[in-house]
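Enquirer: Here is what each chain is made of, one letter per residue.
2 protein chains.
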Amino acid sequence: MAEITLGRYLFERLRQLEVNTIFGLPGDFNLTLLDKIYEVDGLRWAGNANELNAAYAADGYSRVKGLACLITTFGVGELSALNGVAGAYAEHVGLLHVVGTPSVTSQAKQLLLHHTLGNGDFTVFHRMSNNISSTSAFLSDIRSAPAEIDRCIREAYINQRPVYVGLPANLVDLTVPASLLDTPVDLSLYPNPKETEEEAVEAILRLVENSTNPIIIVDACCSRHRCKEEARKLVEVTQFPVFSTPLGKGTIDEGGVGDNMLIEDASLVSKLEHRLKTGNNVSSRFGGVYVGSLSEPHVKEMVESADLVLSIGALLSDYNTGSFSYNYKTRNIVEFHTDYTKVKQATFPDVQMKPILQTLIKKISSVSANYKPQPVPKVKLVNTPAPKSAKLTQDWLWTRVSSWFREGDIIITETGTSSFGIIQAKFPNNTIGISQVLWGSIGYTTGATLGAVMAAEEIDPKKRVILFIGDGSLQLTVQEISTMVRWNLKPYLFVLNNDGYTIERLIHGENASYNDIQPWNNLQLLPLFNAKDYETTRISTVGEAEELLGNKAFGDNSKIRMIEVMLPRLDASKNLIRQAEMSAEANRS
Amino acid sequence: MAEITLGRYLFERLRQLEVNTIFGLPGDFNLTLLDKIYEVDGLRWAGNANELNAAYAADGYSRVKGLACLITTFGVGELSALNGVAGAYAEHVGLLHVVGTPSVTSQAKQLLLHHTLGNGDFTVFHRMSNNISSTSAFLSDIRSAPAEIDRCIREAYINQRPVYVGLPANLVDLTVPASLLDTPVDLSLYPNPKETEEEAVEAILRLVENSTNPIIIVDACCSRHRCKEEARKLVEVTQFPVFSTPLGKGTIDEGGVGDNMLIEDASLVSKLEHRLKTGNNVSSRFGGVYVGSLSEPHVKEMVESADLVLSIGALLSDYNTGSFSYNYKTRNIVEFHTDYTKVKQATFPDVQMKPILQTLIKKISSVSANYKPQPVPKVKLVNTPAPKSAKLTQDWLWTRVSSWFREGDIIITETGTSSFGIIQAKFPNNTIGISQVLWGSIGYTTGATLGAVMAAEEIDPKKRVILFIGDGSLQLTVQEISTMVRWNLKPYLFVLNNDGYTIERLIHGENASYNDIQPWNNLQLLPLFNAKDYETTRISTVGEAEELLGNKAFGDNSKIRMIEVMLPRLDASKNLIRQAEMSAEANRS
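Which chain is which? The protein sequence lines are R and U, in order.
Position 309, counted from 1, in the first sequence is what the numbering used here calls 309; the numbers after and before it change by one each time, with no gaps.
Position 267, counted from 1, in the second sequence is what the numbering used here calls 267; the numbers after and before it change by one each time, with no gaps.
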């Protein structure tokens, strides 16, 4: 083919980057565009239940695969997606948001079309999205359109932010040279300014040389900007203790057990401990999650008494830092960011973290060779024994599921008791953790789970995707479970039923009826959505949980499963309770 | 009480205007605000399932009661609501959108709070909403806050558009003088400029005087801007034939039968005809719905051959006009708008329709007295007889339900086969029709039904609210049915199951899988949401429909009901099929 349609061009480009699933909904301004998806081998149209869910799904997919595409229709569709797109902006998730718009002619005539505000303004939605986009394009000329599409894909990938593309319906079927596809989209970073980087590296090496007690902290932007490997190598070469933040959890190997063991069996405890000791030489240096004053005491102690902090990809929001309660004793802090590096008070502009980390890894052993590894804190692995009839609690649950997780799992926790509770769990190596700690939009994870499980299926159908969501949050986006059923996907859906919005109750209005929800018969959801091969279970006691998690068949993702976990109304991890107090206080001040 | 909190002040003001239900969701920046709802007698917090649904619900409430209030939380909550708010903007619906924001101190410090974009920008969401707001306020000073709230309420009510109010958490509990409540919010229109109005009236009277074949068309803004009574009187005084548009349907009495009759009984047909003839002297002048070239032939003929058109509150969007296919023979057109009046080519700025119509009503009989009433077209009332076993069709359905509707009903039709199909139904007098014909956001009506049924309950618990929605649209916003259950509301939910997005199939991609949906067991929805007293039915044939609609008990809104109506996949009214062709053509050009 010498020429291909612009619509097909877009999808061929995405397919080249292994964006194999496209999320969104049909609408009359994008229908001919959607036709082109079916022309590209290996591409599929997810067909979401609504646009907000579709945006969440694209976000979840991108967190696993590095880039995602969302398609909506003009006005109504795109605005419904904005909250999800804004979340991707806040949390650095690469996302191409393609909006099918009225034809160029209709726009020029300022027709009062449906899906407009009735005022002839066709740029208003584009303007709104610009506030939450890294860049954008509103295509109008077929000649420049392919280059614009390439530019937008590049920016979404490099900057890991949403990018908006307005694509008028009449351009979709116009053609462009197929040979443009032969040159891949340039995804390389701009090189770091050489002298500036050298100076920064030199300054860092001097700090390392003079340090006896350094630590590394990995945060959200480390994994989102593809620096996990660099972080891993830095730990491997230096053997410095490494900590994550809530948003960074899963970025670095934690050496969790990764075995489906019955941990109430005492004889196994020592085996667990043994396995941990023989973990790889990165995960053995993992010390836990640092959340300022909300950290476990030994984590807090070790981080705050360090004499050098190497911080990779920090995103210092309140819930990620225990309401900004970082309290380092040292002023020797090095921050690696996507667009600059900071050494103590000196900022080195344009020194991007990925290349400088690569340089540093080559040079650092010269100054870190004499470092004497400090012992790192141990994460609690085994629950205090409890009778089988004991009611489930958050504290027991999070410790217990730690030992049910496996290498390669994708673990998704909703903002609320789950995202705070998961901090106490220890991930096996190669785990991906997904939690929207900064943006914190309730209901996000049901959509994100769909996206993650479609991405996981593309990587390895045995890869498990495990969702923990509250009964309140579930209600906001519940219909996306239907899309999971439609695609015969096999996630684990743990619904923590604590009778309403527990995180809000802890912040304010413990017994206020605005924190109540209508109770649903959650276990009827999968049959409602016409699931054929599924499993539903309700667990309320330690014994029921042990039986379920100890069941070998349950451990394989052979079907979609919903597990309703009955928990006390105000039960939450200590860190959430304290965070809630601090948030309430901030609102009053 | 000499002083009351600002939060309470806001709700007392709303209560004074009979805004008795507040829509939205809790979020940590609005919790203390929600406390204040419970301090005001007669006010209730709806507690929606998500923010988009809440916005739709507020829109539906406002269309019944004239004003509504939506409360969301900063960032995540407010952005989720934007599509619903934009719909209210496009379609002229008065809505106060109050957003609970971080405290003034947090904003001043530019803290990287959760629910922000992580860049310290606290005004970005306000800026986004400004694009779809009549006006806005971001409160920061307790001294000016009550006046700002009053101004925003006034603007939302007068302009019938959304207004955005940002309310920082720390201001909620600060106090203001309770005596401010003694002066009602000024809701009066600015007076029309006297001389300009006189000139316009004079010009209109001359046109009427010289006309032998005038007509009146009522459109969306007529009812939204509270001119229904003026329109009614104008028809009554002049006896000119009156037509509505799709968006204006329900604005003027249509004289539908309003009786729960078994119309296959031939002996009743003549009774029906008799009742119609004895309708009031407004409804007897109703000629049908004018949609340009998509109108019924006799409607099109009568409207387009008129020698004078008095157009009240026109909103001339594509779906409202048969893709702009108005084809008046006359150039004698008078347009009454909210902010100007146009007589032929002359624009009279600031001459608002409500006062000028009032003036005109007083004066017009002097020139219309000699008018000889033309016979108006009759709407088809009775179906061609069909065997009981005949499968249901859209055409049969809409004619049949016409005679099941009652005076006072609120009839809500989703964009798609319902909003086009309803055009052929004849409403009983005092019916409110709700359909989002301009904005056309799929899923709107489930939320709008919640709002409308809460409003209806406040007016008269026997008032019926009847929803017609497709199986595809239902999936986008289904969880709001849970809120109906929670409040023990009693709408009729007709789910037209035609196996996917039929309106999209008609536009493009008849058999494309992107127009398919996952089939649900819809009749399991009410038990899933824990409904206690409910009724579910599936009807597929003419006989089943007759049995159901002929059942007297079914006619009383004694419980919540879902009726799944099985319809052929591509079945649609003729006007929708033609509209779809025109839309597809516009996309290509």
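Derived by calculation from the structure, the hints in this document are not laboratory data.
Take the hints with a grain of salt, since some may be wrong.
For identical chains, the list gives no copy identity; a pair is met inside one copy or between any two copies.
Mimicking DSS-like on lysine-lysine, the simulated pairs with C-alpha atoms at most 27 Å apart in a straight line are [unchecked claim]: (1) 574 with 354; (2) 300 with 380; (3) 300 with 109; (4) 462 with 363; (5) 388 with 36; (6) 354 with 342; (7) 109 with 342; (8) 378 with 300; (9) 109 with 344; (10) 109 with 329; (11) 372 with 344; (12) 233 with 574; (13) 388 with 342; (14) 559 with 329; (15) 388 with 329; (16) 391 with 380; (17) 378 with 363; (18) 362 with 194.
Enquirer: Of all the hints numbered above, which does this structure not satisfy? Sort the numbers upward.
Expert: 1, 4, 5, 12, 13, 14, 15, 17
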